[in-house]
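Make the full structure from the sequences, and use the hints.
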Amino acid sequence: MEPIIKVEKLKKSYKKRKSKEIVKAVDDISFTVNKGEILGLLGPNGAGKTTTIKSICGLLKPDSGVITVNGINNQNKRLQALKHISAVLEGNRNLYWRLSVRENLEYFAGNRGQSRKDVAGKIDDLLVKFNLKEKENELVNRLSRGMQQKLAIAVAMLAESEVILLDEPTLGLDVETGYEVREMLREIVRDYNRTIIISSHDMDVIQDLCDRTVIINHGNIVTDDKVENLLRLFEVRAYSITLGGLLSEQQHQLLLQKFPQLEYTPDTVQSILEVDLTKSEEIYDLFDVLKLEHTPVEAIDRKTVNFEEIFMRIVKGEKQHALV
Amino acid sequence: MHWFNLLKANVRKEYIELKRYLPNTLAMLFTFYFVFLGMFLGIQVIGDPSSQDVNTQYAIVNYIFWFLAFTVINNIGWEVINEGMRGTLEQLSMSPMGIWKIMTTRLFATTVLNFIIVIILLFLSMITTGQWLNIDVLTILPILLLTLVSMFGIGLFIAGISIILKQVQAFLQILQFILMGLTFVPLSVAPFLAYFPFVKGVDLVRNVMINGVTLNEISMGDFVILGINAIVYFAVGLAIFLYCEKVAMRKGLLAHY
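So the protein lines, in turn, are chains A and B.
In terms of my numbering, the first sequence is numbered consecutively and its last residue is 328.
In terms of my numbering, the second sequence is numbered consecutively and its last residue is 276.
Since the hints were made in silico from the structure, they are not lab data.
Ideal Cβ positions, reconstructed from N, Cα and C, are used throughout, including at glycine.
Any given hint could turn out to be false.
[Stated by the list, open to error] Simulated restraints, written as ranges between beta carbons of each label pair:
id, chain 1, residue 1, chain 2, residue 2, range
1, B, ARG39, A, ARG21, 17 to 23 Å
2, A, GLN79, B, LEU184, 22 to 28 Å
3, B, ALA254, A, ARG21, 31 to 37 Å
4, A, ARG21, B, PRO42, 37 to 43 Å
5, B, GLN195, A, LYS126, 25 to 31 Å
[Stated by the list, open to error] Computed footprint of chain A on chain B; a stretch qualifies when at least three of its residues, placed anywhere within it, have a C-beta under 8 Å from a C-beta of chain A:
id, region
6, 26-39
7, 77-84
8, 99-109
9, 263-272
[Said to hold, decoys possible] Below, simulated SDA-like cross-link-like pairs (lysine to any residue); rule was C-alpha separation at most 20 Å, straight line:
id, chain 1, residue 1, chain 2, residue 2
10, B, LYS38, A, TYR111
11, A, LYS81, B, LEU261
12, A, LYS295, A, THR272
13, A, LYS22, B, LYS38
14, B, LYS265, A, TYR111
Following this line, the structure appears as structure tokens:
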């Protein structure tokens, strides 16, 4: 597949206002996004996600590195590159609250040089698609947060750019509205052939919608892989073992030496061992320790891990996952 | 055509907001009118009776131009600050048209709409004072257009610094008094002000409206100064705006929230 976005050796630092200390927001990161792909950009607060997104949008000038959008360098030919990109950066804050839903759509289209007449049909379609038709003449400040969020996404859709960047599309939404927006994003993914980059803290959004995820921490990429691969990788090696009694102190210490991440829940009737194996063969080492005291094993289950857990583990550095 | 669509979109937006907040617009109009009344009555009470009519006419023209400069130049600064805090400035910066074009069309849009208020204010002032000025549209129009170009240049300069300086509000408060100085002081008192933005234009319009000067009576030299003034200040304003945009992109200042 042909990459539509190429980020090569991107570096960006900021100087703190008071201490004048230099903070590396993004440190030499490279990745590509293929046409039609939905990429999730994950990372804890301050990891460098927004800096990366804004650099791709041409809103931030990197210290070094090259970003190309559809083959166009977004620094040398910024305005040309912007024809291929639209973004929702601050959700409902990206709108004019004193204008109505339709007026917002028309205004932003006008700012891209499109006439109201040319976009009238597209606006009608989007209003229907986003369930905003009944509210088209309502002022934005009277809309619910979810509707404002939908409108912000509709504005980005109206630009008809190949690439859409969504920075925290579900941030600050209640559970129900967050779900509604997620459903809408799923529809966009299904019905429109767009390349989408989603930066989010909401793991469900990433797990549900994204083909691939790039996890950034301290300005570096720590993982770049398909969501399903990450799930499989962690799922295969995470075990929950039910024991018919307690471990001896010696057994416990031996296991901790071998598996430092081991979690042991002692119980005289049924104790639980939770362990992540780096190699499948390590299960035999575990059994060797259990065999020392003939500890009965009642069940061995493969632990189900959710994406949030995977993210936390990667960010904490528990697993160094090879970059693709 | 893209330029035209951009212009239409911004004129429409400004018009909608002006209409939607009509009470605010009317309150602004009446506030300026009452301030003018105060000025007029001051001239009546403490002014020299022999030059009272001319002084009143001066006051009308100066005040109208100050209002125009104030709304055109100061407004764009406040708009940039508000848009930066709201988050829409980043959206505007993502337009493939370029943000300077959006800001220029905004300046044009606010000028066109505020011109309606200027005309109302002008006639209200003339009715109140009983002083009828010479409104020779054919003579005033070319001077005004060139004067507005230099005002737009200053507007772009203000928009630019409003992007990069977060505490620019205090400067905008002071700016209205600087503009007052530029529009109120006649060139005969301070000839060097001809090289300042829009002062030459205001002086020429004053001559047309008060002394009845016609287009033929204005020298080519005056138009050359006016033209150079317009081009230089617009070019400088635009260059500063583009520089500020680059600084903002380097430092990540396009959002003030």
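Cβ separation of GLN79 (chain A) and LEU184 (chain B), checked against the hinted range 22 to 28 Å: Since GLN79 (chain A) and LEU184 (chain B) have Cβ atoms about 24 Å apart, the given range 22 to 28 Å holds.
Count the residues of the region 26-39 of chain B with a beta-carbon closer than 8 Å to any beta-carbon of chain A: does the count reach three? This one holds; 8 residues, not fewer than the three required, reach chain A with a Cβ under 8 Å.
Pair hint LYS295 (chain A) and THR272 (chain A), alpha-carbon separation not exceeding 20 Å: The hint holds at about 18 Å.
According to a criterion of three or more residues whose C-beta lies within less than 8 Å of a C-beta of chain A, is the region 99-109 of chain B covered? holds (count 4)
Holds or violated: the 37 to 43 Å window for the beta-carbon distance between ARG21 (chain A) and PRO42 (chain B)? holds, 40 Å
In this structure, is the beta-carbon distance linking ALA254 (chain B) and ARG21 (chain A) contained in 31 to 37 Å? Hint holds: Cβ distance 32 Å, inside 31 to 37 Å.
20 Å limit on alpha-carbon distance, applied to hinted pair LYS38 (chain B) and TYR111 (chain A): holds, 16 Å
Pairwise hint evaluation, LYS38 (chain B) against LYS22 (chain A), where the allowed Cα distance is 20 Å at most: violated, 44 Å
Restraint check for LYS81 (chain A) with LEU261 (chain B), where alpha carbons must lie at most 20 Å apart: The hint holds at about 15 Å.
Outcome, coverage hint (the region 77-84 of chain B, chain A; C-beta under 8 Å; three residues): It is violated: at least three residues are needed, and the region 77-84 of chain B offers just 0 whose Cβ sits closer than 8 Å to chain A.
Do ARG39 (chain B) and ARG21 (chain A) keep their Cβ atoms within the hinted range of 17 to 23 Å? violated, 37 Å
Taking 25 to 31 Å as the hint, is the beta-carbon distance of GLN195 (chain B) and LYS126 (chain A) inside that range? For LYS126 (chain A) against GLN195 (chain B), whose Cβ atoms are near 42 Å apart, the range 25 to 31 Å is violated.
Violated hints, listed in ascending order, are 1, 5, 7, 13 and 14; each of the other numbered hints is respected by the structure.
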